[in-house]
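> So the sequences go chain by chain: A and B.
The first sequence maps to residues 1 to 670 in my numbering.
The second sequence maps to residues 671 to 1003 in my numbering.
Think of the hints as simulated: they come from the structure by calculation, not from any bench.
Some hints here could point you the wrong way.
Claimed, not checked - Taking beta-carbon pairs under 8 Å as the criterion, some of the chain B residues facing chain A (in silico):
no. : residue
1   : Ala730
2   : Trp732
3   : Ile820
4   : Thr823
5   : Leu842
6   : Gln844
7   : Ser852
8   : Ser948
9   : Phe949
10  : Gly951
11  : Thr961
Since the model is a prediction, treat every value here as computed from it, not as a measurement.
No residue lacks a Cβ here, since even glycine has one placed at the ideal position from N, Cα and C.
Residues per chain, in single letters:
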Amino acid sequence: MSIKSLRSTFLPENPILPAIVPVRFSLVLVALCLFTGCGNNPHPSPLREKREDGSPWKTAYRALPDTPRSLDPQVSYDTLGHAVIGMVYESLLQYHPFKTDPYELTPCLAASLPRRLPGPGGGAIYEIKLKAGLRFHDDPCFAATGGKGREITSEDAAYAFKRMADPKVECPILAVLQEYIPGLQKAYEQAKAKGNFDYQQPIPGVDVVDRLTLRLQLVKPYPQIVYWLAMPFTAPVPREAVEYYDGRRHGGETRPQFKFHPVGSGPFRLAEWNRNRLIRLVRHEDYRATVFPSEGWPIAENRRFQPVAGKPLPLIDEVHFTIIREGIPRWLLFRQGYLDSTGVNKDVFNSVVSIGQELTAKYRKRGVQLHKDTEPSTFYMVFNMEDPVLGRNRPLRQALSTAYNEDLSIEIFSNGMDIKAEQILPPGVFGYQRNFVNPCRQFNLARAKELIAAAGYPNGIDPKTGNPLELTIDVTSDSPESRQLTEFQKNQFEQLGLRIKLEENLWSRQQDKMDSGHFQIIAYGWRADYPDPENFFFLFYSPNRPPQGNNHSRYASPEFDRLFEKMRTMENSPERLKIIHQLNALLVEDCPCVLLSHPVYFSLNQPWCPRVSSNPLLSGGLKYAEIDSALRQERQAEWNHSPHWPLGFLLLLIGGAIGYAVFWTRRHHA
Amino acid sequence: MLFSGPGDIMLNYLLRRILYLFPIVFGVMLITFSLFYVVQSPRAMALQILGPKAPKEAVANWLHNRGYDKPLFFNTAPGKPPLDSQFFHYIKSLAIFDFGVSDATGEPLTEVFKRGAIPSLLITLPSMLLGLFLSVSFSLFLVLVRKSLIDLTGVFICVVLMSFPIMDYVILGQWLIAIKTSYLPAFGFNLEGITTAKYLALPVCIAAVAGLGAETRLYRSIFLEEINQDYVRTAKAKGASPNRILFSHVFKNGLISLITLVVASLPFLIMGSLVLESFFGIPGLGNLTITAIRTSDFAVVRAVVYLGSLLYILGLLLTDICYAAVDPRIRFQ
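Isolated chain A (complex conformation):
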């Protein structure tokens, strides 16, 4: 077609031309979408449709609120990174998927739980034997085996410890472990001085005994070391992969850095990581480390789990982690059936959860499952024990604690979900007392007023000045909700006649104040690194004061310290439990903080992939998940019906508008 004829087609003496052209353009766009679109499914196709045996290829679709910064197991220390690392790497030990009260460790890459032997000078030796025949993922970095993943040995486990001590790796837990394995600190300092880490040099205290045996020699007892062995930091890493994926150009091609191209031994290997969009994992064909447990699940689940007990893992073939930063699209995709599970955010809470904290009828009808899980965390308000007013006045602290109505706070700010904290230990941690009643945490205003009078401030009045006693809470109010919460906290304490000043800080300033001790009251929270009481009571151990430690209250009790030192090196036993109760009693009596809550989260699962494990400390739990692909397909079709009438209506509307415009212009410009 010539330019002229094109012109005559598109540029006639038509006064409404500009209105028509975009309509055509839009129609072309819509048509293009209809032809290419295949509906509203946002996910790229799975790698395969069927397995080799003809059964359906099973893909899990999950969302991550952000892209992980690093998938290096020796570096990542956030739940986001661990969600993926836990699937790609296996640690020496792991948490049992069903046993959460108390939490229980089971072997993973290790053949059994580590054997504890007495060490020289009162220390301890942990001997870890690896399972034979376990392999890393296939990857081009294994040049010696032509890309086939090689067997995991104790050298790989020792290599993980060496990487922790390499200053270039920036391992965040080095400071914790080097206290017990001083060889790590020495290696770190040598490498820092030389500017290079010598990986040929063995680290004293991390001994390779034979091909499958590793010994950790601790200079002092530290039973909690076993929990670190269940975290990704100690996961064996192939040296070939770290050296191969160096982020440099080789033969015209830039290799990614190791932290963006993990090569592990987990149930899934990384197939694609499109930063800001998608992480695609595929089943590791040679995965042999664990099988589906044969016991430990609730009796009610017998019918579901009995048939898969002892089966090889993973039960699914592919996992898509879609990066969805905003809550609204995450919820929309779940509603459409394009995500298998999601949390319940505040925007949709009322439409999903009823007043009785049950699923609403609409979602019950869909077969959606609602789960309520307690985090192994405790939130509390720290009193500065070095403050001249608060630190020397126990009745004043007790009065503040007694006047704080946490039940009301939970009702207002967490839809009544959270559990009121009566003790520093959260549920599931050894030593947690289910029916424990903390006298200072029972809201009783009359009692609180008696206490404040006993503290020397009747009706909150400071006798020296004749004015209400003024206390300051340092806050970081970065959202309307946190502002409302700090107002609530202020009001709770002001019920005693005090004057509470809220001092707003930037997050960094707040951190500085906590470290320097320039505050009176400050909010804080702690999530368990591992489910041991030591990981919570150490928050009040006096040598653990900031800036090196986390005893932000600067609580210093010789009795507490003595009991803590005894308790922390003990294995779980009735004697240890007795000491834990004594520690708890001391904290209740001295009241260095107002205990607030243990957070509870709601989550939803689609009917085709009911949840397996509720263990919040287990990363990589998707290896136990099962998916009913046929049911998913059926429900997605049912929930995503595309009616044709809106398109017809739209075309009619556009046609009508054009017709009217033509009519109008002809009439007025004839």
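Take the given structure of chain A and dock chain B to it, following the hints.
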């Protein structure tokens, strides 16, 4: 005077405009650097990236590796060059377009920007073209039917469209097109040939419609200004039809201002759309910026602000050049 002819005047004008860039860009860099320290100290950033439980040594190591432990402006330590400070390193690296690596992930930022530019352009360019097409057509139509009830209704619709924030369009679009009718995905992106259109259609249409009200009103006023000019009266006196006057005279003359506006926005297109990219999961530069702000990735923020300011200034410069090219009076001012 260095230049004397008309071409020289233009060149002189151009050079003057380019020289203005330096103090402006320096000011932007100084403000960004200072604001960064007001909002977030490097230590707080390290804690945010390494996790609040990160030991002090890990934090110190992290700061040292990135040069955040150097003095802010001048190094007064004995034996150290005075310009061995964070600010001068920052100025130097940006001036030579060495963006370094992301503080959060350690990825080279040049790679990150290259990766984000295409998805951003895939959203912003079609949005701009579609929006331009719709708004010019609509505004011309309103000019054609000016002072009638249709014109009044059209302007009213434009005001209504302008009154809603883009978030409302996003929510409405996702609800209507993705949830209720299931025509297009509510979220996602996949750069795979023609199927990419499926992911782009909804955000592109939303962006075009969201800007329709304001743009139509602006273009309508441009065309109305033209239609009251003397040459239009002359054309009418010569017996030209209203359609011919509108499309052959008014449209062409109005196009000059219109092109100037469009050219000004062109360089900025590469920076993407913060809201749309974030809500539709488009892995472009807008999304990258939001993420960098959220995660306190100062290396990304400073590079984005620097690039953004350069592109913005470039847009303004192009506008000035366009104006000067079409209107000689500006060159002589």
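> A separate judgement is required for each hint: does it hold in the structure or not?
Cross-check of the supplied hints:
{"no.": "1", "hint": "Ala730", "verdict": "11 Å, violated"}
{"no.": "2", "hint": "Trp732", "verdict": "6 Å, holds"}
{"no.": "3", "hint": "Ile820", "verdict": "7 Å, holds"}
{"no.": "4", "hint": "Thr823", "verdict": "12 Å, violated"}
{"no.": "5", "hint": "Leu842", "verdict": "12 Å, violated"}
{"no.": "6", "hint": "Gln844", "verdict": "6 Å, holds"}
{"no.": "7", "hint": "Ser852", "verdict": "4 Å, holds"}
{"no.": "8", "hint": "Ser948", "verdict": "6 Å, holds"}
{"no.": "9", "hint": "Phe949", "verdict": "5 Å, holds"}
{"no.": "10", "hint": "Gly951", "verdict": "6 Å, holds"}
{"no.": "11", "hint": "Thr961", "verdict": "7 Å, holds"}
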